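**Student:** Okay, here's what each chain looks like letter by letter:
There are 2 protein chains.
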Amino acid sequence: MSLIVQKYGGSSVADLELIQGVARRAIAAKNEGHRVVVVLSAMKGETDRLIRLARSASPDPDPRELDSLLSTGEQISTALFAMTCQSLGEKVKSFLGFQAGIITSGPHCRARISSIDPARITTELAKGRMAVVAGFQGIDRGGDVTTLGRGGSDTTAVALAVALGADVCEIYTDVDGIYTTDPNVCADARRMDRICYEEMLELSSLGAKVMEIRSVELAMNYDLPIHVRHAHSPKEGTLICREDPSMEKTPVRGVTHSMNEARITLTRVKDEPGVAARILQVAAKADIVVDMIIQNTSVSEGGLHTDFSFTVPLPDYGRTMGLMGGIVSDLHAESVVGDDQIAKVSIVGVGMRNHAGVAAKMFQALASENINIVMITTSEIKISCIIEKKYAELAVRCLHDSFDLAKGDGEG
Amino acid sequence: MSLIVQKYGGSSVADLELIQGVARRAIAAKNEGHRVVVVLSAMKGETDRLIRLARSASPDPDPRELDSLLSTGEQISTALFAMTCQSLGEKVKSFLGFQAGIITSGPHCRARISSIDPARITTELAKGRMAVVAGFQGIDRGGDVTTLGRGGSDTTAVALAVALGADVCEIYTDVDGIYTTDPNVCADARRMDRICYEEMLELSSLGAKVMEIRSVELAMNYDLPIHVRHAHSPKEGTLICREDPSMEKTPVRGVTHSMNEARITLTRVKDEPGVAARILQVAAKADIVVDMIIQNTSVSEGGLHTDFSFTVPLPDYGRTMGLMGGIVSDLHAESVVGDDQIAKVSIVGVGMRNHAGVAAKMFQALASENINIVMITTSEIKISCIIEKKYAELAVRCLHDSFDLAKGDGEG
Numbered sequence: 001m002s003l004i005v006q007k008y009g010g011s012s013v014a015d016l017e018l019i020q021g022v023a024r025r026a027i028a029a030k031n032e033g034h035r036v037v038v039v040l041s042a043m044k045g046e047t048d049r050l051i052r053l054a055r056s057a058s059p060d061p062d063p064r065e066l067d068s069l070l071s072t073g074e075q076i077s078t079a080l081f082a083m084t085c086q087s088l089g090e091k092v093k094s095f096l097g098f099q100a101g102i103i104t105s106g107p108h109c110r111a112r113i114s115s116i117d118p119a120r121i122t123t124e125l126a127k128g129r130m131a132v133v134a135g136f137q138g139i140d141r142g143g144d145v146t147t148l149g150r151g152g153s154d155t156t157a158v159a160l161a162v163a164l165g166a167d168v169c170e171i172y173t174d175v176d177g178i179y180t181t182d183p184n185v186c187a188d189a190r191r192m193d194r195i196c197y198e199e200m201l202e203l204s205s206l207g208a209k210v211m212e213i214r215s216v217e218l219a220m221n222y223d224l225p226i227h228v229r230h231a232h233s234p235k236e237g238t239l240i241c242r243e244d245p246s247m248e249k250t251p252v253r254g255v256t257h258s259m260n261e262a263r264i265t266l267t268r269v270k271d272e273p274g275v276a277a278r279i280l281q282v283a284a285k286a287d288i289v290v291d292m293i294i295q296n297t298s299v300s301e302g303g304l305h306t307d308f309s310f311t312v313p314l315p316d317y318g319r320t321m322g323l324m325g326g327i328v329s330d331l332h333a334e335s336v337v338g339d340d341q342i343a344k345v346s347i348v349g350v351g352m353r354n355h356a357g358v359a360a361k362m363f364q365a366l367a368s369e370n371i372n373i374v375m376i377t378t379s380e381i382k383i384s385c386i387i388e389k390k391y392a393e394l395a396v397r398c399l400h401d402s403f404d405l406a407k408g409d410g411e412g
Numbered sequence: 001m002s003l004i005v006q007k008y009g010g011s012s013v014a015d016l017e018l019i020q021g022v023a024r025r026a027i028a029a030k031n032e033g034h035r036v037v038v039v040l041s042a043m044k045g046e047t048d049r050l051i052r053l054a055r056s057a058s059p060d061p062d063p064r065e066l067d068s069l070l071s072t073g074e075q076i077s078t079a080l081f082a083m084t085c086q087s088l089g090e091k092v093k094s095f096l097g098f099q100a101g102i103i104t105s106g107p108h109c110r111a112r113i114s115s116i117d118p119a120r121i122t123t124e125l126a127k128g129r130m131a132v133v134a135g136f137q138g139i140d141r142g143g144d145v146t147t148l149g150r151g152g153s154d155t156t157a158v159a160l161a162v163a164l165g166a167d168v169c170e171i172y173t174d175v176d177g178i179y180t181t182d183p184n185v186c187a188d189a190r191r192m193d194r195i196c197y198e199e200m201l202e203l204s205s206l207g208a209k210v211m212e213i214r215s216v217e218l219a220m221n222y223d224l225p226i227h228v229r230h231a232h233s234p235k236e237g238t239l240i241c242r243e244d245p246s247m248e249k250t251p252v253r254g255v256t257h258s259m260n261e262a263r264i265t266l267t268r269v270k271d272e273p274g275v276a277a278r279i280l281q282v283a284a285k286a287d288i289v290v291d292m293i294i295q296n297t298s299v300s301e302g303g304l305h306t307d308f309s310f311t312v313p314l315p316d317y318g319r320t321m322g323l324m325g326g327i328v329s330d331l332h333a334e335s336v337v338g339d340d341q342i343a344k345v346s347i348v349g350v351g352m353r354n355h356a357g358v359a360a361k362m363f364q365a366l367a368s369e370n371i372n373i374v375m376i377t378t379s380e381i382k383i384s385c386i387i388e389k390k391y392a393e394l395a396v397r398c399l400h401d402s403f404d405l406a407k408g409d410g411e412g
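Chain order of the listed sequences is A and B. This note's numbering numbers the first residue of the first sequence as 1 and each following residue consecutively. This note's numbering numbers the first residue of the second sequence as 1 and each following residue consecutively.
Pulled out of the complex, with its shape left as it was, chain A reads as follows (with noise of 0.2 Å):
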């Protein structure tokens, strides 16, 4: 007898008869003999109809109001799903954030649990009962309700099951698992049945949206393994676990690509120390993630030069430029380019660390489409590439068809 977290998403409990079959499928896992927490989020549409009247009510809803409106979203989900429940004949009790003891700190509307104390739960549990735990919400430390931000209610499913010492989290959404890419993108495109914790991060960092980075990070940390399945399926999904032997065997596992950056240039910027660390305190400054980061000195007439460039997101572009185009005489800088016709193609795999000649083989994949790069990052288990953002569909399926991804990697 193991025990489960079961997290369904929003569109998974939309209506009443989408929660009707969720009641079911918790109930009949208890019934298998396991002890069964359930978290749910918001009903498909609910988090967006309050954001929209705290809009009305205020071109820009204080934080702490916004918490205590769009918490009611878990919470009527949540007693909508114990009701039903009783009215299949099993007893639920729901408990709302501060009633599972999720204690958070930092920021309204983004803040982060701190701690667990879920000692309602496990009485629930000992009475051989479940129990539903509104996702996405908390109680920080003033008494005051808080919520956990976007994929806010796959974090609560973790962490509560990081602190009741679960077997397994699994987080049933509209997808049955993670794909080797976008199925959209490339047909060939193939679930796997498992994946390691760095690799999830890697992707999910890199555009894929199943699972927020957060909560794989939690997971790793406390080794908890993550089921990543379809709500109205009976199928296995994708198990995001720690990384076996067998994993290692294929060099790459998953293509990802992102439309969602753009990328500036000062060219000629003069090479003197402390040029880099300037642009980049204006852009922090400014709330500006910067991604990938390329200077490529060169000698040229006036001593040493640098092209300097970076990525930000997509949204960030306008003002970037705007930024730059503030301190390029000051740097002594030729000017400012901009590029937002870009995309970003990486390929992922913890194979990579052994297998040589990974990044020239994706490179000549690209190369052979005519597929320039624009430029390259890398970090141990990934390589990213900045194309043109027309061919980025082109390149993940090169990519996915050179690196043999819909074949199966033997893992099972």
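Calculated directly from the structure, the hints in this document are not laboratory data. Please note: incorrect hints may appear among the correct ones.
Intra- or inter-copy, both count: the list cannot distinguish identical chains.
Pairs of lysine-lysine residues, derived as DSBU-like cross-links and limited to a Cα-Cα distance of at most 35 Å, are as follows [said to hold, decoys possible]:
hint : residue 1 : residue 2
1    : K91       : K44
2    : K209      : K390
3    : K44       : K361
4    : K285      : K91
5    : K285      : K127
6    : K361      : K389
Bear in mind the structure is a predicted one, so any value in this text is a computation, not a measurement.
Take the given structure of chain A and dock chain B to it, following the hints.
**Tutor:** Chain B in isolation, oriented as in the chain A frame:
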């Protein structure tokens, strides 16, 4: 500078425009130099929407879950109120029942406030800020969210006013005060400037719907004045306060009627000790609240017999008839006769204590319109008559006229 608790009902916060009006009103009171605490109901329609959801989830929703669900209504209205105030330049914090220190006991869905520790509210007031509190809700000793049942937000407002030592509790509603009778029935109905707690309690018990009995009782126990007034009019309403000598000058201050009654008679019950108790026990066991009780003993063939009559709420009529049918032979009674075509008209006034002939004048007034009286009950400050339902409105008008209620009572 006084401390004012203002309570606004659901129709006063039904949409964001109305919430803004209410926010301006509260801010105006603060700008006049008062310390202001606002208590809100849910936006009109929201509670009904949630109850419909609950009924769809389960035919008999668990009361604990229903409380968690319904309490979101006030959570939403208070958060939106606080945001609206902020957009108007006023810093206001919202507080849920548990944050306002409202501890309850008793069953879910009709919990009672057992204590209030308004420390967080007083902190806000000390900082020169307003606070807005979610009405209708509290938390029990086990940490579960509770609701207070019908009229619960009024109770929250009055109890909080008592706990804070407020000077007055203002109840803002969609009528502009307490009337001498129902203005829909009698065009001459007049708003009273003042009414004492005892009169208000009788009027509420006898069918007036403006104030719930519990909150009037609470205010009376702590001698807290309640000001009932219109949410969207600047005019003064009616002050519910301690009895003063001026009120005793007039014998009758209000007329009320209720169509929500039915009468049941067991005929020719043997007049023995314990028979009345037996009948009422059967009703009590079925949770049926008996209102008026009348027993007419007469000597007839076969010894002492009595016709035993009582009234019950109309919705319990059928059930009560069935129960009485079941014991009619045990009691050696002749038959059970029911009548659901009745109404109760009542006159109320603390001056009745010192004025003779009030009852006679009432009966005469009804007789002059050929209205037959079926049952009568009296208390120190009220007289109620059961009459045929079809005469209810006529009776109200003729009593209002006979006791000169349109004219005013020199109260000021």
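**Student:** Run every hint past the structure and note whether it holds.
**Tutor:** Now the hints, each set against the structure:
1. Taking identical chains as interchangeable, the C-alpha atoms of K91 and K44 lie at most 35 Å apart whether they share a chain (25 Å) or sit on different chains (32 Å).
2. In this assembly of identical chains, the alpha carbons of K209 and K390 lie at most 35 Å apart only when taken from the same copy (21 Å versus 69 Å across copies).
3. With identical chains, the CA atoms of K44 and K361 are never at most 35 Å apart, being 43 Å at best within one copy and 65 Å at best between copies.
4. For the identical chains of this complex, K285 and K91 are inter-copy neighbours only, at 28 Å across copies versus 52 Å inside a copy, given an alpha-carbon limit of 35 Å.
5. Taking CA atoms no more than 35 Å apart as the test, K285 paired with K127 passes between copies only; the shortest distance there is 33 Å, against 53 Å inside one copy.
6. Taking the shortest Cα distances, K361 and K389 sit within 35 Å of each other inside one copy (21 Å), while across copies they are farther apart (93 Å).
Violated hints amount to a single one, hint 3; each of the other numbered hints is respected by the structure.
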